[in-house]
Amino acid sequence: MQQPPTETQGAQEAAAALSPTQDAAVRQSFARQGLMRHWDASIEHLAHGRADIRLPHSERVSQQQGSFHGGAMGALADIAAGYAAMTVAPEGLEVATVEYKINFLAACSGGTLLARGRVVRAGRRIIITAANVVHQADDGRETLCAVMQQTIMPVTKSY
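Per numbering that gives the first Met the number 0, the sequence shown starts with residue 0, numbered consecutively.
There could be a bad hint or two in this list.
Pair by pair, the computed Cβ-Cβ distance ranges are [to be verified]:
no. : residue 1 : residue 2 : range
1   : Ser41     : Phe103    : 32 to 40 Å
2   : Pro89     : Gly65     : 39 to 47 Å
3   : Leu92     : Asp138    : 38 to 46 Å
4   : Ala105    : Tyr158    : 15 to 23 Å
5   : Val154    : Gly65     : 34 to 42 Å
6   : Thr20     : Gln63     : 24 to 32 Å
7   : Ala136    : Ala16     : 16 to 24 Å
8   : Met152    : Ala23     : 17 to 25 Å
9   : Gln32     : Ser61     : 18 to 26 Å
If you're looking for bench data, these hints aren't it; they were derived computationally from the structure. No residue lacks a Cβ here, since even glycine has one placed at the ideal position from N, Cα and C.
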């Protein structure tokens with residue numbers, strides 16, 4: 000597997016565009032995500048080793064006090080980091096989460112969440128990813144509300 004750029008290799012390499020085939024594969028896979036469709040989530044950005052997923056606030060993703068539910072934050076981070084992994088997985092394969100750990104840092108209401116997934120290291124059998132979940136308030140302020148680390152495994156497509 001081709002290694003993604005490291006944080007120190009600069010923004011230009013980190014923003015490397017995907018091939019049209021890779022881009023289409025990720026977008027087609029995302030379109031099959033029933034939960035993301037139900038929540039009105041969308042892909043904001045894709046690049047080699049990167050995926051940003053946006054989730055607007057709604058009753059479907061809120062907890063009893065009106066803030067984004069932690070489960071929604073976890074699912075969003077899982078999806079963003081998973082699709083970052085898919086950008087470096089061998090062509091024709093999907094990915095599956097083996098495990099993840101998330102730390103919640105702030106409760107956030109209204110606005111949108113943006114999960115920024117990135118590949119930390121891609122091996123032959125597993126891919127280590129991370130995601131930051133940022134709340135973007137209606138006035139433009141951003142708050143880091145969760146950080147997640149994940150282990151991903153490339154798998155054969157079942158569809």
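Taking the earlier hints as the rules, which of them does this structure contradict? When the structure is compared with the hints, numbers 1, 4, 6, 7 turn out to be violated.
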